[in-house]
Structure formats: C-alpha cells, structure tokens
Amino acid sequence: MRIARWIVGFVAFVFFAAAHAQPYPTKPVKLIVPFPPGGSTDLVARSITPRLGELLGQQIVIEYKGGAAGSIGTAEVARAAPDGYTLLIVWDTHGVNHHLYNVQYDFFKSFDAITQLVHAPGILVAHPAFPASNFKDFITYLQANPGKVSVGMVGVGSSGNLAAVLLTQLTNTQVTYVNYKGGGPLTNDILGGHVDVVFGTYSLWEPHARSGKLKALAVLGKSRVAQYPDLPAANELVPGMESRTWFGLLGPAGLPKATLAKVHRETVSALNDPKVKEGLVNRGMEVVGSTPEDFAAFLKQESDAGGRLIRAAGIKVE
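Under the numbering used here, the residue at position 267 of the sequence shown is numbered 591, and the numbers go up by one with no gaps.
Don't take each hint at face value.
[Claimed, not checked] Cross-link-like lysine to any residue pairs, in silico, SDA-like; alpha carbons within 25 Å at most:
(1) K601 x A577
(2) K539 x P509
(3) K389 x F432
(4) K640 x P452
(5) K351 x P406
(6) K354 x K601
(7) K433 x P531
(8) K581 x Q382
(9) K539 x K581
(10) K472 x G613
(11) K354 x K460
(12) K537 x P563
(13) K599 x P531
(14) K351 x V549
(15) K354 x D407
(16) K581 x A399
(17) K537 x P553
(18) K546 x K354
(19) K624 x N606
(20) K624 x R403
(21) K537 x R548
(22) K539 x N503
(23) K354 x A620
(24) K601 x G362
(25) K460 x R370
(26) K581 x T350
(27) K586 x G362
(28) K354 x G613
(29) K460 x K433
(30) K505 x H422
(31) K460 x F432
(32) K546 x K581
(33) K601 x V549
(34) K460 x T410
(35) K389 x P406
(36) K472 x G638
[Stated by the list, open to error] Across the chosen pairs, the derived CB separations fall in these ranges:
(37) N426 x E560: 38 to 44 Å
(38) N426 x N606: 49 to 55 Å
(39) E642 x N469: 21 to 27 Å
(40) T500 x R534: 36 to 42 Å
Because the hints were derived from the structure by calculation, they are not lab data.
The C-beta atom is built at its ideal place from N, Cα and C for all residues, glycine as well.
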C-alpha cells in the first residue's frame with residue numbers, strides 16, 4: 325500500500341510539475357486599455373491584438389478601465405500578478421500623470437517596460453461651424469477672442485493639452501479647456517458641436533476631417549505628413565509649435581525574464597506584420613518596436629520633460 329501511495333503521489337507531482345512547466349501563455353491574456361472605448365489608445369490596441377494573439381497562441385482580451393487620464397486602469401495593472409497575463413497599453417498621459425494626480429502606483433518601480441509601440445503626430449481639428457478654416461485664420465481668431473475658444477482634451481497633461489498650452493504661450497493667446505475621460509466621449513462632443521477644437525492624435529481625428537465631419541487646420545508634427553500633403557504643419561506659421569503622441573506596452577513589475585522576452589518579441593513581430601504595419605502607417609503612425617531598455621529610458625525622458633512643462637505652465641488638475 326505504501327508503494328502504491330508513493331506511486332500515486334509521484335505521478336501527481338509529475339503532472340503538477342509538467343502543468344507548471346508549460347511555456348507561457350497557457351490561457352488568455354488580458355490587455356488593459358485605461359480609457360473608454362473609441363479613442364486612439366483603443367485604436368492601437370485593436371490594431372495589434374489579433375495578430376499578437378496568433379503569435380502568442382492565446383486570445384488577447386481587451387478590458388477598458390477609464391478614469392483620471394488613464395491612471396485608474398494603470399493602477400490596476402500595478403496591483404496585478406507579474407505573470408504576463410495582465411498587460412497595459414499606455415499613451416502619453418502615462419509620462420505625466422504622476423506629476424498631476426495622486427496616483428496609486430510608483431511610475432518608476434511599479435511596471436516593467438516592454439516596448440514603445442508607435443508614435444504619431446498631432447493634428448488640430450475644428451467643428452465645421454467654427455469660424456476659422458485654416459491655421460492662419462485660427463491664430464487670428466484666437467487673438468481677437470481671448471478665452472472664447474473651447475479646446476477638448478483627454479486628460480490634463482495629455483499631448484493635446486500640452487500642445488494647446490504651447491500654442492497659447494507661443495502666440496500669447498488664451499483658450500478654455502474642456503476635459504474628457506477618453507477620446508470616444510470627446511469625439512461625440514466635437515462632432516455634435518459642443519466643443520470648438522481638438523489638438524489630438526492624427527490617427528483618430530484625420531478620418532473625420534477626410535469625411536468632412538470636422539475641419540483639419542494643421543498637422544502638429546515637425547513637417548507635413550505624406551498621407552495629407554495639403555495640410556500645413558503648424559510650425560510653418562508658428563515656429564516651435566510641435567506635438568506628437570506615443571503608445572507603449574507595460575506589464576506589472578517583476579515579470580519573469582522569459583515571459584517579458586516573449587511578449588516583447590511577439591509584440592514587435594506583430595507590429596511589423598505587413599498587414600498590421602500597413603494599417604498603422606495608413607493612419608499616420610510610425611511603428612517603433614523599441615527594446616524594453618530603450619522604452620524605459622524613453623519613459624524617464626517623457627516624465628522629466630513633461631514635468632518641467634507642467635511646472636513652468638502651472639498646470640494643475642482642478
């Protein structure tokens with residue numbers, strides 16, 4: 325009987341060890357999007373997850389956890405088990421939220437950087453009824469109507485908010501800010517004429533301009549974009565006026581090295597899949613696919629630069 329029990333115990337141990345030795349992943353992976361559906365972060369997530377799921381051999385399940393410019397969903401991932409089954413897609417607000425909110429995580433210690441996914445120029449769009457139809461007229465209108473132009477933004481400290489702050493500094497003008505929880509709600513309001521203009525992500529807003537639902541006034545990158553050559557860059561008229569946005573992938577701090585390496589490798593492969601890459605490029609994005617080390621260094625640079633601008637401009641969450 326002792327031998328039989330020993331054999332049963334040994335067999336159970338072998339099966340237990342084999343189950344835990346299976347290569348990651350063995351079940352679906354959850355990807356937290358820390359904003360409501362319909363925004364640019366959601367767009368990037370939905371662009372890469374089908375192919376990434378195929379490469380990992382498991383479904384990628386997107387969950388939306390919006391609030392506080394992305395910091396609520398981000399805090400949830402910081403508390404998650406570092407096993408690779410909960411990941412986080414972030415955009416530019418992640419680099420500055422800890423300067424503005426009482427976030428429930430440590431920006432530098434709570435996450436493992438995996439890769440910067442893409443970056444894209446900003447774009448300035450207006451509701452069709454807005455009086456100005458080009459960037460020059462927009463500046464003239466701002467100067468003649470201090471504080472009367474409403475600017476929709478997704479989070480204090482977001483690239484859209486900072487772009488508007490920069491423009492008002494460079495042109496000595498004033499605007500009124502209207503904050504939204506995500507790009508989806510903001511889209512609904514500017515299409516409905518409840519807000520005048522948006523300094524936003526090219527990939528999200530350019531299709532609405534193409535369709536005539538909005539007016540594109542300027543691209544906010546260093547130069548014009550190939551997909552919209554007739555749209556001038558803002559710095560052609562206002563030197564120094566430049567804004568871009570970025571998106572990246574994080575996991576909870578302490579991911580096993582093999583798991584982090586696999587997620588990184590397959591994410592970069594998904595980004596460079598011809599079909600995925602073409603779709604992103606057609607939306608005005610540039611694929612990055614950086615190393616974890618480079619992305620971690622980039623995040624620190626974003627935090628330092630964003631913090632300086634926030635302090636200099638006196639930006640606060642009201």
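Q | Verdict for N426, N606 (Cβ pair) under range 49 to 55 Å | A | At 39 Å between Cβs, range violated.
(Q) For a C-alpha distance cap of 25 Å, please report whether K389 and P406 respect it. (A) 19 Å, holds
Q: Please work out if K546 and K354 have their alpha carbons no farther apart than 25 Å.
A: 36 Å, violated
Q) Quick one, are K354 and D407 close enough, alpha carbons at most 25 Å? A) 11 Å, holds
Q.
K354 and G613 were given as a pair; does the straight-line alpha-carbon distance stay at or below 25 Å?
A. 20 Å, holds
Q: Decide if the proposed pair is consistent with the structure: K389 and F432, CA atoms, cutoff 25 Å inclusive.
A: 21 Å, holds
Q | Pair hint K460 and R370, alpha-carbon separation not exceeding 25 Å | A | 36 Å, violated
Q) CA of K581 to CA of T350, is that 25 Å or under? A) Given that 25 Å is the threshold and the Cα spacing comes to 17 Å, the pair holds.
Q) Holds or violated: K624 with R403, Cα cutoff 25 Å? A) Holds - the C-alpha atoms of R403 and K624 are around 21 Å apart, at most 25 Å.
Q. Holds or violated: are the alpha carbons of K537 and R548 at most 25 Å from each other?
A. 21 Å, holds
Q: Take a quick look at whether K581 and Q382 sit within 25 Å of each other, Cα to Cα.
A: 19 Å, holds
Q. Is K537 within 25 Å of P553, Cα to Cα?
A. 19 Å, holds
Against the hints set out earlier in the document, violations occur for numbers 1, 4, 7, 9, 10, 11, 12, 14, 18, 19, 25, 27, 29, 31, 32, 34, 38, 40.
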